[in-house]
Structure formats: C-alpha cells, structure tokens
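Enquirer: The lines below spell out each chain.
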Amino acid sequence: MRITGAQAVMKSLEALGVDTVFGYPGGAILPAYDPMIEAGFEHVLVRHEQGAVHMAEGYAQATGRVGVCIVTSGPAATNLVTGLADALMDSVPVLAITGQVATTAIGSDAFQEADVTGITMPITKHNELVYSAERVPEAIKEAFHVARSGRPGPVLVDIPKDVLNDTMEWAWNDDVDLPGYRPTVRGHGKMIREAIDLVAAAERPVIYAGGGLARAGAGDELRAFAERLQLPVVTTLMARGVFPETHELAVGMPGMHGHYAAVKAFQESDLLITLGARFDDRVTGKLDDFAPHARVVHVDVDPAEIGKNRAVDVPIVGDVKVVLGQILKVLDDKDAKGTLAALTPDTADWRRRIAELKRDHPLRVDQPETGVLKPQTAITGIYQEWGDDAVYVAGVGQHQMWAAQLIPYTRARQWINSGGLGTMGFAVPAAIGAKAGVGRDTPVVAIDGDGCFQMTFQELATAVQHDIPVTFCVINNGYLGMVRQWQHLFYDDRLSHVALPQDLPDLMKLADAYGIPGFRVEAVEDLATTLTKAHAITDQPVLVELRVDPDEMVFPMIPSGASNDEILETADEWHARVAAQQA
Amino acid sequence: MSDRHILSVLVENRPGVLTRIAGMFARRNYNIHSLAVGPTDDLKISRLTIVVGAEAVQLEQIIKQLNKLVHVLKILELEESEAVEREMQLVKVTAPASTRSQIIEIAEVFRAKIVDVDHDSITIEAAGNPGKLEALLDLLEPYGIREMVRSGTIALSRGTRAITDGSKFRMRRVV
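So the sequences go chain by chain: A and B. Just so you know, the first sequence maps onto residues 8 to 590 in this note's numbering. Just so you know, the second sequence maps onto residues 21 to 195 in this note's numbering.
Be careful, since some hints might not be right.
Said to hold, decoys possible - In silico BS3-like cross-links for lysine-lysine, where the CA-CA straight-line distance does not exceed 30 Å:
1) B:LYS84 / A:LYS293
2) A:LYS18 / A:LYS197
3) B:LYS64 / A:LYS148
Bear in mind the hints are in silico, worked out from the structure with no lab data behind them.
Chain B on its own, in the form it takes in the complex (with noise of 0.2 Å):
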C-alpha cells in the first residue's frame, strides 16, 4: 500500500538541484504524485514541495536518500490533518451565451475568479486543495472543458511553527 505523503524540502538554489532530486526519484524507483518548486524569501534558498506516495519503511528511505544529497537543507513531513494545502488550476470551458450565467455561479460557489472571457469560452482560476479542484472539474465537466491546467500542490503547516525552526542556517531575505 503506498499512502500519500507531502514532503516540504528546503534546498540550496544552484543548478541542476532539481534534477538531482527528480534523478534520486526515478533511480530509486519511487513515485512521486507532484513536484512544486519556487522561490523563498531567501534567493538562495528555494523550497520543494513533494508529494509522494510510499508506505512508511520506504518514506524513510526517501526523506534520508533526499538528505545525503549535499544541497538538501531541510526536510519536514507535513501530515495531511497538521497542514494547509493548495493547488492551483485553470480551466478553460466552453461557454457560449446560452450557458454563461451557469458556469459563472459555479466559479462564484467555488470563490474560483474568471480570468479571461471569449465569444465562447471561460477561463476560471480555481486554488484549494485536490477535493475542491476535482469537485469544481465534475461540475464544469458537462459544459465541455477545452482544456485544463494544474500546479503540483504546495503545503505550510498549521500553527506559528516554521521549517526553519531549529535549523543552523539561517533565512536571510535578500532585495
């Protein structure tokens, strides 16, 4: 059984880390759900947001395999139930006069935003996490959807704690 699994990874920004991430993966033959990757308020440092699948022996092999690489800083595991989790999705469905008004309530009921309006078509702009998203996806299924795109999901923890507590590096934010 390979149970779902966000991995919060803090690396140094330099060339290739990605790769050496993604390789490490593919390597070992784990599987990764998403990736998300993007800058911190530190230029130097960027944060990954992982979403695995693996049971618990094979967990640990990931998050100490993640470590031995020299520019992982950090990693913590955000349980499910202890995090916020978001996704971002675009969706651009088809939407003559006709069925308009319909789609446009369902975005308002899913607080999604429309971005962008044609003669026939509607692009919204959903976030939240993977259950909102696919509910909104059902719903917008019947009008036609064109196409459709989605961020891997990025995570915090709930509460004041930060990835950065306890660590001997220190964030520096840099303008």
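Here chain A stands alone, though its shape is the one from the complex (with noise of 0.2 Å):
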C-alpha cells in the first residue's frame, strides 16, 4: 500500500498505542494535519508550543507511557526546547515530532527554518532528520523505543515537509536493530551479592530512593525489599510516593528544603543503598561532606550516573525494578534455606535513632487561627481535602517545596514536577497532560505559584475547549517567593525586581475570562469550606486563588554550596549565624 510520508505518522503512531498527541499545526508540519482528522487518537490542541511538550510531560509521568507532542519548524520547534531540556533532565519519556522546510531547503535560512536538531541535540536523549519517506517508520518506532526503554528520556522527529507529502510502502513490524543501543536491564550477579553483603554488615543503611524507581514502576519491589530488612527510605524530590510517606520506614525528602531527619540520616549513615538516584547537588550539598561515613552502592540504569558525583563500591548497572526482583530472590532462597536471617542488618537502634529525630524536628508553621493564611496551611488543606486518590502537580519554587514536602504521597506516578531543570511554568500544561493521561476517575489537582502561573495560564484555554477538567490552584503570594526567599538571607534583604502584585491579573476575572469557576481564600477560616466548594466540581476546570502571608519561607535549609550539616530550621538560625560570624 502507498501512503504519503505523513500518513505514515499517523500509521506509526497508531501502530504504536499512542491514544493521545499533544500538538499546534502551521506551515511544515501542514501535511501531518490532513490525515490526522481520520487518525485514531486525540489531539489536543495547546496555545503555545511549551505547552505541548510539558502537556507530553505530564503525560508520560503520569501514566509511564510516552508522551507525544507534534508541532511545526522553526519558531515553534524551538519553543520545544525548555520541555525537551527538562525531560531530559527529569528522565521523562517524550516523543516530539517536528515539521522541517522542504529536504532541498535546508541550509537556505528559509522562511521558518531552525537548525532543529542541532539546537536539541545537547537536551534530548537522542534526535533525527528524516530524510525519506521510507524512513518515517523506522525513524518513529525507533524515537518511541529509545524514549522509553533504559533510562528514559525526549526524543524528537524531524521531518520535512517534502518527505511529508513523498510517498512510500507501508511496512511496519515491531523490531527495533539499534546495535549502539543496548541497554542493560539485569544486574550483575556478584555485584548483587556484594551489595546484599554490604548491607548485611551495615549499622545505618538507608535507602536512597530515586526518581528512577518512579520511571521503573519499581513502588513494590522497594517496599518488599525495605519491608524485609527494615531499611529506613528516603525518598528525593523526584521520587515522592514510590514509597509511602505513611509507612513507619519512611524518613521523608533530602536535600536544600528536605526533612531534617532525611538529611541527618544521610549524614549519619553507614551505608547508602541509592537506587536510581543521581546524587544531584540540590541533595548532596557541599560534595565532599555529604554521607561522610557511608559506603554506597548505587543502582542505575544508566552506566555514566555510577560514580559520576560519588564513588561507588559497589556499582550495579541495570534496571532498578528489575535489580530489586533479582535482590528479592537472593533473599527469598536464603529464607527457604533458613539463612536471612544472616543477611538481615539489626537496624533497630538506628531506627530507633531516625524516630528521634522525626519526632524532635517536624516542620513548622504558625498558623494563627483566623486571618492570615500561610501558605502551608493551604497546601496542607487541598491535600485533607483532594486526599490520596488525586495527582498533584507542582511549577517551581516556594509552593513546589512546600507540597514535596507536606503531602503525604503513598504512590509513584502521585507527584509530578520539574526537578532537574526547575522549569517555572510547568504545572498548569502538565497537569492537564496529566489528567488527559489518567482520565475522569482520577483527580489532577496543579499546586502553582503566581509567578510560575502566569508563565503558562493561556493553556487554560487548552484545558477548557478540550473538556479536561485539572483543579488549579494558585497560591499567591504576590511575589516570586523563593527569590525574595534568598534575596532576603542572602542579599540582606535587599529585594530586587520580586514583586508580582497580587491582583495582577484579578485571577477572578481571568477565571470569569475563561468561563470557568473561580473561588478565592484569603483567611484561613475560609480554606476548608472554599476548597470543598471547588473539589464538588469535576466536570469542568477550575481555578483557586490562595492569597497567602508572603513573608512565609521555607525551611529547612541548606544554603547553597554549604554542607548539609549546615542545615537551618528557621531563619533565626540563620541571622544568628550570620551576626556571629560578623561579631
């Protein structure tokens, strides 16, 4: 059968599973669009570029699959680029098709031209110009397999607009022959029982739970693994909810905002047993003072992550789901023959150790009764209210940290946000690529900051028009809180270009401009009732406005570069700090 090269995307993507594509037509990209009024999945249609690939965002780390997004050249691939940096960042699976100028245009400068894959070739995990029909296919089934399998990642599609419109055979089987792509999915068996050794002989292991388990589905396996040797977990900022933060084993997020006692069980631990984790510096601090007194063993997918920032002692590459089933074995023929209990750590005084120091450093806030309302508060309120069976996404910053950290998430897929890139703007697309994902059942609930909403907020139209109905909340402090946040302890308060006023735009009329309900709490009595009012509606979008104390901060903290002994509970601490060294 002969088809055209764009049919032959709609027949891949077909082929593929993919149910949903994320997208914005124009010039290149225009023979793509005719046959994807007859092509078997949804397009959403999004009202910037950067919308597309963070609603593919979403997408993908809300259901594991991969998210599509397809978009035309020039100015609109390059809008791609600070989704496809972030992905990358964040090990998201994306596949973003793109139009190009005509094969014998390229190099022209001709009219919405851009060197596509070159811009991206340094923030996707891989990319291709396709330069035959024939090709479109291969080139597809190809981007999908190396998006999602080892460690995931964005993969882009560019096609120009002649092999488009060119004709080919149609031919599809499922193989994929990429022979420099292989990755490694078991892990090796002595390094295994090396690690199983190092734990046995541990006084403070901890479980250093990545984002990785999150991609790997990995949830069961870490919980039947820590479960079995009573190891505490920490779970990072990327990993929140592949273990249950309600389980009596979890010590809660490290890092520059983490709990107290994840960090400190960090710093005092033996041995770290970091699965799928990349000992990033917003979690290590100071490099060489962190986890001083721990040997590691490190599980990951992707080989150059082992030893990148931290020796290793023992490095296993391979799947972190799979790994951990290889793990449970060794374990399980030991219980057979009687001899865990050998392997099992006595764990009980250092677990003893972590309950301490939970129950000695909880987060705080003062929350008067009426009035004011903290912005703590009201994160903490839209979980009482939305519960565990909703997603929350989160943009960057303030709001972000403070939802890592308060809500209790008791399972991977729960919590998305941008890790890695910090990429502001990302809540409201990719809450509604994530609700697009999961379906009417499941509540998506965006936690965004003022600054951060207003990045995105036209796609409020993508969210209406297509009927997905995401519940964003804004928690507005009038300010790009987390900035002020350093400018204040670190530039002595001297606050430089941070303030966003708060009826700027009046996110009541902007709600009213969208048609869709608005709801505004600006007293802590109010939360509760207001926040039931919203959650009663599911049928369409909606947007709440939380005006918060803008004066709030979050702790803890661990100033940039400092080690994470130099963790600070309040910002007293800090100017205590401060005055004495200047004394």
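Combine the two chains into a complex, taking the hints into account.
Expert: Okay, here's the thing in structure tokens:
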C-alpha cells in the first residue's frame, strides 16, 4: 500500500498505541495535520508549543507511557526547547515530532527554518532528521523505543515537508535494531551478592530512593525490599510517593529543603543503598561533606550516573525494578534455606535514632486560628480536601517545596514536578497532560505559584476547549517567593525585582474570562469550606486562588554550597549564624 | 592532572554523528587533544581516534557518556605502550639551492618523503608518532617553515586483537 510520509506518521503512532498527542499546526507540519483528521488518536490543541511538550511530560509522568507532541518547524520547534531539556533532566519519555522545511530548502535560511536537530542535540536523548518517506516508520519506532527504554528521555524526530508529502510503501514490524543502543536490564549477579553483603554488615543503612524508581514502576519491589530487611527509606523530590510517606520506615525527603531527619539520616548513615538516584547537588549539598561515613551501593540503568558525582563501592547497572527483583530472589532463596537472618542487618537502634530525629524536628508553621493564611496551611488544606486519590502537579519554587514536604504521597506517579531543570510554568500544562492521561476518575490538582502560573496560564483555554477538568490552585503570595527568600537571607533583604502584585491579573476575572468557576481564599477560616466547594466541581476546570502570607519562607534549608551538616530550621538560626560570623 | 589517553571509537556512519561527539565533549567540558575520523572497511561504520586529556575518573565518564550516544557502537581505550599510533604531517620548508640538499638529507633520516618541490621550497610528508614529528619540525625550523599541517592521531592496538572482537555487530565489507 503506497501512502504519504504524513500518513505514515499517523499509522506509526497508531501502531505504537498512542492515544493522545499534544500539538499545534503550522506551515511545515501541515501535511501531517490533514491525515490527522482520520487518525485513531486524540489531538489536544495547545496555545503555545511549550505547553505541548510539558503536557506530553505530564501525560508521561502520570501514566508511565510515552508522551507525544507534534509541532511545526522553526519557532514552534524552538519553543519545545525548555520542555525537552526538562524531560532530559527528569528522565521523562517524550516523543517530539517537528516539521521541517523541505529537504531542498534546508540550509538556505528558508522561512521558519531552524536547525532543530542541531539545537536539540544536547537536550534530547536522541534525535533524527528524516531524509526519506521510507524512513518515517523506522524513525518513529526507534524514537519511541529509545524514549521509553533504558533511562527514559525525550527523543525528537524532525521531518521535512517534502518527506511528509512524498509517498512510500507502508510496512510495519515491531522489531527495533539499534546496534549502538542496548541498555543493560539485569544486574550483575556478583555485584548483587556484594551489595547484599554490604547491607548485611551495615549498622546504619539507608535507602536513597530516586526518581528512577518512579520511572521503572518499582514501588512494590522497593517496599518489599525495605520491609524485608527493615531499611529506612529516604525519597528524593523526584521519588515522592514511590515509598508511602505514611510507612514507618519512611524518613522523608533529603536535600536543600528536605526533612531534617532525612538529611541527618544521610549524614549519619554508614551505607547508602542508592536506587535510581543521581547524587544531585540539591541533595548532596557540598559534595565532599555528603554522607561522610557511608559506603555506597548504586543501582542505575544509566552507567554514566554511577561514579559521576560520588565514588561507589558496589556499582550495579540495570533496570532498578529488575535488580530489586533479583535481590528479592536471593533473599527468598536464603529465607527458604533458613539463612536470611544472617543477611538481615540489625537496624533497631538506627531506626530508633531516626524516629527520634523525626519526632524532635518536625516541620513547623505558626498558623493563627483566624486571618492570614500561611502557604503551608493552604497546601495541607488542599491535600486534606483531595486526599490520596488525586495526582498533584507542582511548578517550581516555594510552593513546590512545600507541596513536596507536606503531602504524604503514597504511590508513584502521584506527584509530578519539574525537578532537575526547575522549569517555572511547568504545572499548568503538565497537569493538563496528566489529566488527559489518567482520565475522568482520578482528580488532578495543580499546585502552582503566582509567578509560575503567569508563565503558562494561556493553556487554561486548552483545558476548557478539550474538556480536561483540572483543578488549578494558585498559591498567590504576590512575589517570586523563593527568589525573595534568597534575597532576604543572602542579600541582606535587598529585594530586587521580585514583586508581582497580587491583583495583577485579577485571577477571579481571569477565571471568568475563560468561563470557568473561580474561588478565592484570603483567610484561614475560609480555607476548608471554599476548597470543598471547588472540589465539588469535577466536570470542568476550576481555578482556586489562595492568597497567602508573603513573608513565609521554606525551611529546613541548606544554603547553596553548604554542607548538609549546616541545615537550618528557621531564619533566626541563619541570622544568628551571620551575626556570629560578623562579631 | 590530566593524562593523555587514546580512544578508538566505532560509530554508525550517519549525518551529524561527529557533531554529537564533539558537542558532548564541549558540553561536558572535556578536553580533546585531537580527533581523526575516517571510513572503515564497512561503509556503514566510521572509526574515530580521539586523544583526550583526562584523569582516571573523568576518562571513565567520557567513555560512559560516549557510550550513551545511540550511534556509537564501540569504544576501546588504547594503551600507549600497546598501540601503534601515527600522525601525518606536511611541512613546506624554505629551500633555496644552497640549503636544499641538507633539507633532503634530514627528510631521508626521518624516512619522510618529498612530495613537492619548487624553486624556493620543498614540501615534506612525514608520518610517525607525535614525538618523531616534533623532532623533524625542530630540525627543519632553522631553514624556515613556510606552513605546515598535521592530522590527528590514528592508532591501532598491537598484536592480533581487533576492536570488533566480541562485538555483537559484524563489520561488513561493502564494495
């Protein structure tokens, strides 16, 4: 059957089981939008291409499937850059299809031409400029495979307009042959035994659970492993939920704004069992002082992460779900032989110590009973209203840190945020993508800041037009809160260009303009009742504005570049430290 | 301290593969001393010889990051003592009749070839390890070097071993 390259794009996506694509049409991609009218998947028309790629990310993070976006050449493709970089940092499987000027025009500075494969080379896992219609199915199939296998990531396929218009003989098979791409899945048996021996010998072991566990869908294996050997679990920003925060072995979140007990658990540990995590600078603080007494087992599907930042005692390359399965198998075998006890570290004292740290260093907020609403109270209130069923999607900044600290996530993919790249504006489109993925029965709540919201709120129109009922909660403190916090603490409270007037725009009028219900909370006593009203609306998008105390800061905090031992629980501690240094 | 290491890299012969590799080095702040690329006996596969300056931990990262590139098929580090390495150099030396025979003599000692002669200059082609080429340049310097060009290092391991040994893919000679 002879079809066009454009038709081949549609058939390839259908063959790969794609049910939703997020896109925006334009010149070079026009040929693909014609057969899309009959295609067997939904197309969500965004309002800005950045929205398309963040929606694809949100979809992918919520479902575990590849998120797909499709846009035209030049400015449309360059508008994907932020989202592709975001997806690379956070290992999100995304397929981006871009139109390109005709092969005969490439290199001539044609209208809407940009070297998109060149521009996106350092921010994609892989990309390809397709030179012939025959190549289309292979290119898309390979891109899909690379995006979702090994360490997931974004892959871009750039297709010139004449290639889309040209015809080819349609043929499809599911095989992928990439001789230079064969990710290791199973861990090395000897390394696994060595890791188990290190765990058995440890006195203060901690599982350092990273986002790789979420991507691998390894929550059950993690829980079985932790429970079997009674190992405390610290979950990073990217891993919130892969281990239930309500579990007695859960320690909390590490890092710059992590829980005190989790930060200290690393510092005092003698063994980090690192699973799909990457010793990011926001977790380690000053690298030389990070977990100074700990030996390290490191499991990662990406060999380049092992030994990149921290020397490792036992490296295991493999899919963390498979590797945990292998470890559990060894433990089962030992159990059957009655020798499991010899492999079980005695962590009772250590767990008591961690319980003490948790008890003595809880998160604190001074919430008056009436009047001013603290942002922490607002976020806790959102959780109390929507509960464990909802998926929570955050932007970047203070609200993100509070949402990560305060909500006791209980399952992977329940928490979606932009971790590595720290992309403001992520929440609105990512929440729309997530909701498109999880469907009617699972509520999706965006917890956004007023700065972030204004970067991408044009996608409210997308949610309305495509009937994607997300609840958008804007924590409005009238400032770029995190930047203000740094200026207050580290620049002597000299606030420089961080004020965003709370009334600009008037979010209730904005909700009106988009034809959706809007709710505003200004005082703590109104919080619960207003959220309940907003929650009652499940058949259309809702905008909730929570006007909060602008002076509130995120603690604990480890100043940038400082050792994790220098963790601060209040601003007063910092001011006292500065005063002592000046004296 | 950054030591000199020679990496031999087989890649799929695809558009942009060199950019991917060079871009990865630049982006991650790795140091390339030289890079030579050419076809192999399989038209679909090219072979790069990359000389890098890196200490041990960074070298491991370089190899791992190279391996992540989808079009990179195989990477082999060639130990200097276990490899034959060559560079090629073309040198155009000022050579009036008065000094011409001396220059030719020097070239012969280095088993270099005279590839072009003009009234006032001689162009010499020399191949060898970097040390030998440096020595030749030193000796030619006093006569006046008008211009020179040098290739990156290419290298193969000594003995019977080949880079494709134990690989899942096969090199296919396509004529």
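Enquirer: Next, verify each hint and record whether it holds.
Expert: How the hints compare with the structure:
Note on LYS84 (chain B) and LYS293 (chain A): the hinted pairing holds, with a Cα-Cα distance of about 24 Å set against a maximum of 30 Å. The suggested pairing of LYS18 (chain A) with LYS197 (chain A) is violated, with an alpha-carbon distance near 45 Å, which exceeds 30 Å. Annotation: proposed proximity of LYS64 (chain B) to LYS148 (chain A) holds, straight-line Cα distance about 21 Å (limit 30 Å).
Hint compliance for this structure: hint 2 is the single one not met.
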